[in-house]
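2 protein chains.
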Amino acid sequence: MSSRNRFAPEVYIQGILSGDRILLSRAITLVESSLESDKVLAAAVVEGILPFTGKSIRIGITGVPGVGKSTFIESFGALLVEKGHKLAVLAIDPSSQQTKGSILGDKTRMETLARDQRAYIRPSPAGSTLGGVSAKTREAMLLCEAAGFDVIIIETVGVGQSEIAVKGMVDFFLLLMLAGAGDELQGIKKGIVEMCDALVINKADGEMAEAAKRARREYANALHLFPAKESFWFPQVKVCSGLTASGLPEIWEMIQEYRDKVQGNGFFDANRSQQRVNWMHEHIRFLLETTFYQHPLVQKSIKEMEIGVKNGIYSSIAKAKQLVELFYKSQSS
Amino acid sequence: MSSRNRFAPEVYIQGILSGDRILLSRAITLVESSLESDKVLAAAVVEGILPFTGKSIRIGITGVPGVGKSTFIESFGALLVEKGHKLAVLAIDPSSQQTKGSILGDKTRMETLARDQRAYIRPSPAGSTLGGVSAKTREAMLLCEAAGFDVIIIETVGVGQSEIAVKGMVDFFLLLMLAGAGDELQGIKKGIVEMCDALVINKADGEMAEAAKRARREYANALHLFPAKESFWFPQVKVCSGLTASGLPEIWEMIQEYRDKVQGNGFFDANRSQQRVNWMHEHIRFLLETTFYQHPLVQKSIKEMEIGVKNGIYSSIAKAKQLVELFYKSQSS
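Sequences listed follow chains A and B, in order. Just so you know, my numbering puts 262 at position 262 of the first sequence, and the rest follows in order with no gaps. Just so you know, my numbering puts 332 at position 332 of the second sequence, and the rest follows in order with no gaps.
Since the hints were derived computationally from the structure, they do not count as laboratory data. Heads up, the beta-carbon is just placed ideally off N, CA and C, and yes, glycines get one too. Where hints are given, some of them may not hold.
Here are the simulated lysine to aspartate or glutamate pairs, EDC-like style, with alpha carbons at most 20 Å apart [stated by the list, open to error]:
| # | chain 1 | residue 1 | chain 2 | residue 2 |
| --- | --- | --- | --- | --- |
| 1 | B | 310 | A | 47 |
| 2 | A | 310 | B | 194 |
| 3 | A | 300 | A | 282 |
Label pairs and their calculated CB-CB ranges [unchecked claim]:
| # | chain 1 | residue 1 | chain 2 | residue 2 | range |
| --- | --- | --- | --- | --- | --- |
| 4 | A | 229 | B | 230 | 42 to 48 Å |
| 5 | B | 211 | A | 220 | 46 to 52 Å |
| 6 | A | 220 | B | 266 | 19 to 25 Å |
| 7 | A | 34 | B | 230 | 24 to 30 Å |
| 8 | A | 278 | B | 210 | 18 to 24 Å |
| 9 | A | 150 | B | 228 | 45 to 51 Å |
Next up, chain A with everything else stripped away, as it sits in the complex (with noise of 0.2 Å):
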């Protein structure tokens, strides 16, 4: 996008303060953007809304690829704005390592939920960095928060990381599951069943329905072995069907409930607080990261350093902290 596209900082706050779902759409393209003259633009702009941000619940929903989480979220996000809430759904799609084509792919995703004027979905987009993608993710709930928009869903597909990104900006982290699909709690699922407040079987329709009501005692009686949460809330386990939709209601239900619980008791505040601080950590990350690799004398440096080092002829660690010397001393001038 040119920069004749562009507006002052105000017009992109008042527009998304009002409402206004194209003003807020190209508020987080600027989010998303590299380009170094949006950057400056899109801290401007978070920073305005920020007073007016926090005011939604925010829910952190994964599941491997296959689970049916666009199925659901279409399903859930019904039943939401039809009790009037205003959702917006948002994706972490981080590339596929090897491949580094998109995950989600050309899948039609949430067909009749994006014709909805009373919801709002945005897929993030792929990013070389999880950081990256993470930052720009959180800023787009920021910006949905100041439209108004009170229940927040941040989608991410199950590749390790970054579900501890969404957890990490979430209040509420559910976790969509298939019954008599192996041994979910065993390896890699345990770090992410521990950050889960509910464990959603999902796809318990049809024949289905009674392996999903096993499973779902199975996993409640599995969740007894893990220890206590910092929010004293209990895991939930819940069966449902995005298909039919049986068993929303009581997944929606369970979500304010834990809400009731948490603000009550302090944890809600506490762990947003919590995020707080470790967002500007991340932040710092990215700051450090960003104005080394962008300087002049790195962008000079970096490629003979590269090819020396990829040649055996230079050391790795060397030729680092060589790199990060001069840096450090050009922020002199």
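Take the given structure of chain A and dock chain B to it, following the hints.
Below, chain B alone, put in the same frame as chain A:
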């Protein structure tokens, strides 16, 4: 450890090059230390042994807990030392996010191999950041190579990002699996399967032998769906039993076949060259962060800023920016 237990860099370097296991262990302890004086000493030792590294085959092994990694490595290691190899086993063990505890726990690990003079086993310390843990593992690997170990196994527990870290430091990446433990190719595992040079179905003994063979066919078919690798190596599926040692010689043959192929087509060197470049960038990020957080000015201000951000008085982004600018300005002195 107090500083009176430290030697000059040359003492470590000469000791390691002569195969002294005690000095090797002490040097790895240095590399793992967070003391500033130890870091300087460790850097000198690693720089000193660097010309004597690179002559091993580096094998990464991953798999979910319960897949039998320890038993596999114990038996596979016994085979290797019998064939005249010197084997070092390093483990990457990032702490569990939530509980902060070690995933490996107090499990008895590789007792027989640990007593064998031809093998060297060293668990990595649990660290607060994966970046820190993997940097230390990589340096420990180089120290082991300089000490004459010609096969290095780097083991990781299956927790997402640590596999990516290991993939970034090995020549051959092997995923241990179990037959009938669910659809391992779905979801979160897909990214890991993409990285692998071999899938090995372990515990193919007794009643599980038949199931393992069936699983082998299924995985072999599934692997056909993955795009060709840069190495032009077609990932293999093998069955074995760590317990009975069946199938292990075939796995070693496969790894040698791999090495011959990729040394022939240039991928072996190209991959290591690229790893060195990535390592430089990782070390840059590490240096940027540590110099920032250890700076007196940052240490002085950060607590007050954290409290302000926590209480919602300051914005996370604004304070991050302010602190980074403060830090850069101070570099002029």
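Hints and how they fare:
1. About 16 Å separates the Cα atoms of residue 310 of chain B and residue 47 of chain A, which keeps this hinted pair within 20 Å; it holds.
2. For the given pair, residue 310 of chain A sits about 24 Å from residue 194 of chain B by alpha-carbon distance, which is inconsistent with the 20 Å threshold.
3. Taking the CA atoms of residue 300 of chain A and residue 282 of chain A, the gap is about 27 Å. The hint is violated against a cut of 20 Å.
4. Residue 229 of chain A and residue 230 of chain B have their C-beta atoms about 43 Å apart, which keeps the hinted 42 to 48 Å range intact.
5. Roughly 29 Å separates the CB atoms of residue 211 of chain B and residue 220 of chain A, a value that falls outside the hinted 46 to 52 Å.
6. At roughly 55 Å, the beta-carbon separation of residue 220 of chain A and residue 266 of chain B lies outside the given 19 to 25 Å, and the hint is violated.
7. Evaluation of the 24 to 30 Å hint for residue 34 of chain A and residue 230 of chain B yields a pass: the beta carbon distance comes to about 27 Å.
8. A hinted range of 18 to 24 Å is violated for the C-beta pair residue 278 of chain A and residue 210 of chain B, which are about 50 Å apart.
9. At roughly 49 Å, the beta carbons of residue 150 of chain A and residue 228 of chain B sit within the given window of 45 to 51 Å.
The structure does not agree with the numbered hints 2, 3, 5, 6 and 8 stated previously, though it agrees with the rest.
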